[in-house]
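**Student:** Fit chain Y to the known structure of chain R by using the hints.
Protein chains: 2
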Amino acid sequence: MNQTIESLLKHKSIRKFRNDPVNADLLNLLVSAGQSAASSSFFQAVTIIRITDHEIRRQLASIAGNQEQVKFAAEFLIFCADFNRSKKCCEGNGQTATEGFTEQFIVSTVDAALYAQNVVVAAESVGLGICYIGAIRNNPKAASNLLHLPQNVYPVFGLCIGYPAEDPAVKPRLPISVVLKENNYNSQGDASEIAAYDRILKKYYENRSDNQKSQTWSGQMTELLQKEARPHMRGFLTAQGFKMK
Amino acid sequence: MNQTIESLLKHKSIRKFRNDPVNADLLNLLVSAGQSAASSSFFQAVTIIRITDHEIRRQLASIAGNQEQVKFAAEFLIFCADFNRSKKCCEGNGQTATEGFTEQFIVSTVDAALYAQNVVVAAESVGLGICYIGAIRNNPKAASNLLHLPQNVYPVFGLCIGYPAEDPAVKPRLPISVVLKENNYNSQGDASEIAAYDRILKKYYENRSDNQKSQTWSGQMTELLQKEARPHMRGFLTAQGFKMK
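Residue numbers (our numbering), protein chains in the order written: chain R, 1 to 245; chain Y, 246 to 490.
Next comes chain R alone, as it looks inside the complex (with noise of 0.2 Å):
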């Protein structure tokens, strides 16, 4: 095993910085890495703020449930998915873009995915920790409000990133049997495995250093799906420009 996979697989996701600040060559460097992530027909349809603005992030914080890394992180990203750009560069060629389809929300969400993932690997080969806030969907329509995003631009997800205070356990993940299939769904058997994971998993959250719980993976699934998804996220999506066509 070399130290890349090494790396990866020592992944967690990290909630308390240092105050140290993130090299400004460095934070060059891992969006550089960032840039060199596949792109779907190379669309490109990522943007990237970097919120260095206090009151911003005071407000980002607030729309993530008031989570205090957002604020305190040595950087904060919000990955945004950009059909905008490249619009333009077509309507600037005097021709009309096509717009609104679900097919390109999935393009321009998963280039920014995959160009995040480099980012945060990079970080961590570096010794810097990560956490997505995905909490930013809470309130997307204030969030894209504060970053000024035009139409057919909206934001994924963000990135704190900083050196780590803390030193978590490596959250143990379903049995790779469960997910990893051969030429078909089948999941004859999961059930099963799935409930050995589940010992795992609530012996994991009883004895981790922070944020003790005990609940099972199943258990966690259970409360999270008896409950409305984030349902103003088709409204905003459709009102910013991503029309679900």
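If you are wondering where the hints come from, they were derived from the structure by calculation, not from laboratory data. Positions of the beta carbon are idealized from the N, C-alpha and C atoms, including for glycine. Among the hints, a few may not be true.
[As the list claims (entries may be wrong)] List time: in silico BS3-like cross-link candidates among lysine-lysine, alpha-carbon distance up to 30 Å:
1. Y/255 with R/141
2. R/10 with Y/255
3. R/203 with Y/255
4. R/243 with Y/426
5. R/12 with Y/255
6. R/12 with R/213
7. Y/472 with R/245
8. Y/490 with R/245
9. Y/488 with R/245
10. R/243 with R/141
11. R/88 with Y/448
[Stated by the list, open to error] Residues on chain Y that point at chain R, a partial pick, calculated with CB under 8 Å:
12. 266
13. 267
14. 274
15. 283
16. 296
17. 298
18. 347
19. 354
20. 396
21. 430
22. 434
23. 478
**Tutor:** Relative to chain R, chain Y alone:
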């Protein structure tokens, strides 16, 4: 710069592969690296279908516009966004699960992309080459039937993995200044930077070893955005349970 970042910066899609297989333990390690990626609310909303059956490979290659590498890469994995697994857990606990929310579509699509990118980074770190295959979305219904995907699971993209039989140049990306903004979306000055980038990319396309063409990025975007983008996606996803509520 360390080896991990060096490897990220060297990424290029590989479409011609040697015959050598990927060792089973290595494949397992790559998938483990994928497992380690962050997951929104820990849904772990990803299922991977590894295609070893030649006839299924052939049919998927045909769906993907006859991309030969789908048939001949040592490994071909289909990354599926999966809300079926968590839903089954919820129902197993006697509860009714919410479904069809746009947010759940985002969560599972992002989970699949983060996971896949970790597999990619791990693969490239050991000298393997990769190529994402978004074109399975040319006919996602046929692909889903082939793979027996249940409701609330959809194929996001495929991934070819194998030992490279070509060594193309790295494709120049948009300048960082166009992609990375501070505190808000401000595209002033981007047009002239994109014009400069157009010249760089045109030179790359004219001089690359394979599939030479004379095209700018703006030109490519203009061409792509005049076509409807897989207009069947919405209907397919709705029928598949992703109702975009």
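**Student:** For every hint, state whether the structure bears it out.
**Tutor:** Structure-based check of all given hints:
About 37 Å separates the Cα atoms of residue 255 of chain Y and residue 141 of chain R, which puts this hinted pair outside 30 Å; it is violated. Under the criterion of a C-alpha separation no larger than 30 Å, the hint pairing residue 10 of chain R with residue 255 of chain Y is consistent with the structure, at around 23 Å. Only pairs whose Cα atoms come within 30 Å are accepted, and residue 203 of chain R paired with residue 255 of chain Y is rejected, the gap being roughly 41 Å. Simply put, residue 243 of chain R and residue 426 of chain Y have alpha-carbon atoms about 25 Å apart, close enough for the 30 Å limit, and the pair holds.
At roughly 26 Å between alpha-carbon atoms, residue 12 of chain R and residue 255 of chain Y fall within 30 Å of each other, so this suggested pair holds. Simply put, residue 12 of chain R and residue 213 of chain R have alpha-carbon atoms about 18 Å apart, close enough for the 30 Å limit, and the pair holds. A C-alpha spacing of about 14 Å is found between residue 472 of chain Y and residue 245 of chain R, which places the hinted pair at or below 30 Å, so the restraint holds. A threshold of 30 Å between alpha carbons decides the hint, and for residue 490 of chain Y with residue 245 of chain R the separation of about 13 Å falls inside it, so the pair holds.
This hinted pair checks out: residue 488 of chain Y and residue 245 of chain R have alpha carbons roughly 12 Å apart, not beyond 30 Å. Distance check on the hinted pair: residue 243 of chain R and residue 141 of chain R sit about 15 Å apart at the alpha-carbon level, within 30 Å; holds. The suggested pairing of residue 88 of chain R with residue 448 of chain Y holds, with an alpha-carbon distance near 22 Å, which does not exceed 30 Å. The interface hint given for residue 266 of chain Y is broken, as the beta carbon of that residue sits about 15 Å from the closest beta carbon of chain R, more than 8 Å.
Because the beta carbon of residue 267 of chain Y sits about 13 Å from the nearest beta carbon in chain R, more than 8 Å, this interface hint is broken. About 6 Å separates the beta-carbon of residue 274 of chain Y from the nearest beta-carbon of chain R, less than 8 Å, and the hint is met. The closest approach between the C-beta of residue 283 of chain Y and any C-beta of chain R is roughly 5 Å, which is under the 8 Å cut-off, so the hint is satisfied. Interface hint at residue 296 of chain Y: satisfied, since its Cβ lies 6 Å from the closest Cβ of chain R, which is below the 8 Å cut-off.
Interface hint status for residue 298 of chain Y: upheld, as the beta-carbon distance to the closest one in chain R is roughly 5 Å, under 8 Å. Here the hint on residue 347 of chain Y is kept, as its CB sits about 4 Å from the closest CB of chain R, short of 8 Å. Below 8 Å, beta-carbon pairs count as interface contacts, and residue 354 of chain Y has one with chain R at about 6 Å; its hint therefore holds. Because the smallest distance between the Cβ of residue 396 of chain Y and any Cβ of chain R comes to about 11 Å, over 8 Å, the interface hint for this residue is violated.
For residue 430 of chain Y, the shortest C-beta to C-beta distance to chain R is roughly 5 Å, which falls under 8 Å, so the interface hint holds. At a threshold of 8 Å, the smallest CB-CB gap from residue 434 of chain Y to chain R is about 13 Å, leaving the interface hint violated. Hint status for residue 478 of chain Y relative to chain R: holds, with the closest Cβ pair at about 4 Å, below 8 Å.
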